[in-house]
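As a plain string of letters, each chain reads:
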Amino acid sequence: MKRRAFLKTVGAYSFASIIPSFHHSIIPSLLVPMDDAQTDHLKAYGLTYRAIQAGLKAEWLLNYRGGSFLIPDLDALRRDAALNGIRTEPVDSAMTTVRGEIEASNMDAVPLEKAPKVAVYAPPNAAPWDDAVTMALQYAGIPFTKIWDPEVMTGSLKDYDWLHLHHEDFTGQYSKFFLIYSGMSWLAEMVQRNSDTAKRLGFQTVPDLKKSVARSIHSYVGNGGFLFAMCTATETIDLALAAHDVDIAATFADGTPLDPDADAKLDWSQAFAFTGGHIETNPLVASFSDIDGHQVNGGARRQPLGAFKLFNFSAKIDPVPTMLVQNHRQVIPDFYGLTTSFNRNRLKPGVTILAEEEGAPWVKYVHGDLGKGTWTFFGGHDPEDPQHQIGDPATDLSLHPHSPGYRLILNNVLFPAAKKKELKT
Amino acid sequence: MSRSIRLALGLIVALPALVRAQAIGPGFELERSGRYADAASVYFTTIRSDPTNIPALLGLERTLFVLSRVSELLPLVQNARARQPDSPALRSLELRVYAALNEPDSLEAIARRWAASAPQSEAPYREWGLALADRRMWDEARRAFLVGRRTLGGDVLAIELAELEQRVGNWEASATEWGRAVTRLPDVEPNAASQLADAPAPMHDRVARALTAPGVSVRTRRMASEVLLTWGQPNEAWAAMEPTLATTDTEAPTALRRFADLAGALTTPDGHRVRGLALARWADMMPGSSGGRARAEAVRELLDGGDKAAARRVLEAHADSNGIAQAALIHLLIADNQLDIAEERLSAPATAITADDRATLRLALARARVGRGELDRAAAALGNDSSVAAIAQRGWIDLYRGNLRNAMEAFRLAGPYALDRAAATDRTAMMALLQRIQQESSPHLGAALLTLARGDSVAAIAALRRAAARLPEQGGRLEVLLIAGQVAAQKGGDQELTAIALFDEIVRIGGEGAAPPAAELEWSRLLVRSGRSAEAIPHLEHLILTYPNSAFVPEARRVLERAKGAIPKS
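These protein sequences, in sequence, are chains A and B.
Following this note's numbering, the numbering of the first sequence begins with 1 at its first residue and continues without gaps.
Following this note's numbering, the numbering of the second sequence begins with 1 at its first residue and continues without gaps.
Isolated chain A, as found in the complex:
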């Protein structure tokens, strides 16, 4: 899916939707409400995904009852909803009223047609920390493929519409856990696996490999891919891109000390979201730069958690950010990650802020365009585990079926499914 075509489509659909549609009037539909009436918000995304995956047409009713979905009223979908405990409401005759309300308000209806092919960039082994996106996809029942460095370097990214970055450290410093967790078996395995992969793919060091992977991902987005990253992947992929010709890795990672003038040599024009960051040079501090506002491992620099608020966009004018912030809650408790938030003064001009902590110098959730594609960065590790520690058990999402933080992740998964219809000229 190409972003430009998608935007044209959304614009066209907004215009077209004021015309009564034959399609709308004759096919009975099920409304999947996404306000507080919903019994499982997260699985509702999976139901909608499976509907469009089966070749059916669905609609995303932006800002209508928490960002509800409209799917065909078919036995198979009713069965799916019943099995998964998802609330649906038949809306045959009421749809005319609903559409009238949508037209008259800051709402819109966006068709969803093509189920995006989802890839999750993650190492083949299990890391001692959970991954919110993987868990959300599994819980919602949205299929995905795990890929890693060999697949990225052999050009497999083009086979996917949407890419999520696991908690990878693209500076190649093993999240700077190398010295802190020295002797832990999971770290030894991580180092061994990365080193072996770098050698196999012809790179001298792991930081060199990760920089190259970061550039491939950058190209993927430029060519129309959708990128979603959380936690430390957000900050480190930009650092890796900006440091294409600079050594920013500590000695333990590549055998050479980092360039003492690294800050001055960083080329931020290559980065997605950030600019002007300063590298954290202490190898014992598991922090990468001053991009992160919270500095969870930064000792005295660590900031307490607050709550972040979603922006209210104009659904008819800004459908993309509107999709990304669909939720039944507007204020969401914050949660730590190795990168928790993004300092405002490190954001590039033109970056769209989707959520922020009011009055704080940082923002939580940002989005932007690159070439034909888009990227979205969401700070923090696990929306339902604000202090997730290494070795903690994975979050059981069946205990958090209404999680507003996880909804933001799933908004990202579904928004590439939005129909792109060429604007009529």
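Quick caveat, the hints were computed from the structure, so don't treat them as lab data.
Ideal placement from N, C-alpha and C gives every residue a C-beta, glycine not left out.
Just so you know, not all the hints are guaranteed correct.
Unchecked claim - A short list of chain A residues far from chain B (calculated; beta carbon distances all over 10 Å):
id: 1; residue: N84
id: 2; residue: M135
id: 3; residue: A262
id: 4; residue: G368
Unchecked claim - Below, a sample of chain B positions facing chain A; criterion: calculated Cβ distance under 8 Å:
id: 5; residue: V528
id: 6; residue: R532
id: 7; residue: E541
id: 8; residue: I544
id: 9; residue: P548
id: 10; residue: R557
id: 11; residue: E561
id: 12; residue: A566
id: 13; residue: I567
With chain A fixed as given, assemble chain B onto it according to the hints.
Using the frame of chain A, we list chain B on its own:
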């Protein structure tokens, strides 16, 4: 004396020290910033005007060592020592300077000269040895300490030798020296035990042997017990401790209390047991109520440790005068299935047991009688107790006799809050079953449930199936079969097939009650447990879609998620 005069005198007294500190202040700052040569210049300047300024000399020791210029310090130290020959600080510094210059002969000569001037002091030998140890000259350091020991006699310098041997890795020798140290100086014991606790695992046996060898002191053995507890060896620890209690000494209570506290960190049955043993001994040494409390705690620990005999011994020795001990002893007898003796003690007219404890014991005795199938004696044990707990217990006795109507009435009277949550849940579940049964009496069902209560699962399954066959399909049969199926599923092994057959039968018959969805959920769980998740999925889907309003649906969804691998195991 006026306040101002006192202040002035105070300033006069403090002035020399103040001036000395101020003089080398810039040197400290330069040292902190890593400018050692500049710092040394400041210290040299200070020494020129004040040759015995010890802070400045120590500053030079630090900075000149970094600058590899220690030789410049020697004449200054010699000069200072000549001016103040009795200063131990200057003597020590001189020894360290010789050690840093790698002149062991001069070092020894200086140490011996110092020792000659202070014939009763350990300090010359200690500083001599430590100066060598700091230079990692282990053998020479050991020799220095041993020279001191030979000269002064006794076990002097044991701490220094213990630490030296530990640094070298001679843990056995270190243990021996720590034993000497604690024998001589009891206050050293916590530090000694803490140091020895760090011994690597392969050395534990040797260290333990050194600390418990024949002839070692009581304090050494007690230290051994602490070290063994730290290593997680409670039985060995008690074996080290117990012989030290043969004769009473003033340190024994403290040692026992410390032992009990350390054992409290262990969660193994042996840990509980030895803690109980220590507390029991400690309680005997304590007067009044604190001894009683400790004894009660000891009994609990002994029971947690599985040593009923020891717990009973403790109780029997003190049961005559103490109500808590009497009650605990009867509890123990009931747990030991010595019901007649327990009943006899409970019925004794002159006991100190409180009314509440007595009621609790009657209930426990009644339950134990039920466990032996002695329903009449169980009812008799309850006497005329009208508490809700007793009413609930009578309900069970009625149920096992087959009197369903009386059982239902008793459960209803007892209400939903009697006893603990598990007991209340059991009663509620049984009431739900009884509501489905129209008959007022069913000796077969009562006997089957009694068999189950007595723990004979296999016989109970067969008896429940027979009892179910006598009930109408929609009049309790499915519910009774469900109990049989649940018992069989829990039993596992060959009984799993029985369980599946029973669940299958219940699901096929279906109907209005809660049994069919419950059976289908149990069936699915059984399949998931045995690694057959794919077979469980259609059952769970059937349950959710067929009984959408059942209370089992949320749990069925959860099991379905697990079966599909959509949520992590927790």
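Outcome of the hint check:
1. Here N84 of chain A does not stay apart from chain B, with its beta-carbon only about 7 Å from theirs, under the 10 Å limit.
2. Listed as outside the interface, M135 of chain A is inconsistent with that label: its C-beta sits roughly 8 Å from the nearest C-beta of chain B, within the 10 Å cut-off.
3. With a minimum CB-CB distance of about 24 Å to chain B, A262 of chain A clears the 10 Å threshold, and the non-interface call stands.
4. No Cβ of chain B approaches the Cβ of G368 of chain A within 10 Å, the least distance being about 32 Å, so the stated non-interface status holds.
5. The beta carbon of V528 of chain B is not positioned within 8 Å of any beta carbon in chain A (closest approach about 15 Å), and the interface hint is therefore violated.
6. Using the Cβ-Cβ criterion of 8 Å, the hint placing R532 of chain B at the interface with chain A is not satisfied: the shortest such distance is roughly 19 Å.
7. Checking E541 of chain B against chain A: minimum C-beta separation of about 5 Å stays under 8 Å; hint holds.
8. A cut of 8 Å between beta carbons decides the hint on I544 of chain B: the least distance to chain A is about 5 Å, and the hint holds.
9. With a cut of 8 Å, the hint placing P548 of chain B at the interface with chain A holds, because the nearest CB-to-CB distance is about 6 Å.
10. With 8 Å as the threshold, the beta carbon of R557 of chain B comes within range of chain A, its nearest partner Cβ sitting at about 5 Å, so the hint holds.
11. With 8 Å as the threshold, the beta carbon of E561 of chain B comes within range of chain A, its nearest partner Cβ sitting at about 5 Å, so the hint holds.
12. Annotation: A566 of chain B was flagged as interfacial toward chain A, and the flag holds, the nearest CB pair being 5 Å apart, inside 8 Å.
13. The interface hint given for I567 of chain B holds, since its Cβ lies 5 Å from the closest Cβ of chain A, which is under the 8 Å cut-off.
Checked against the numbered hints above, the structure breaks hints 1, 2, 5 and 6 and satisfies the rest.
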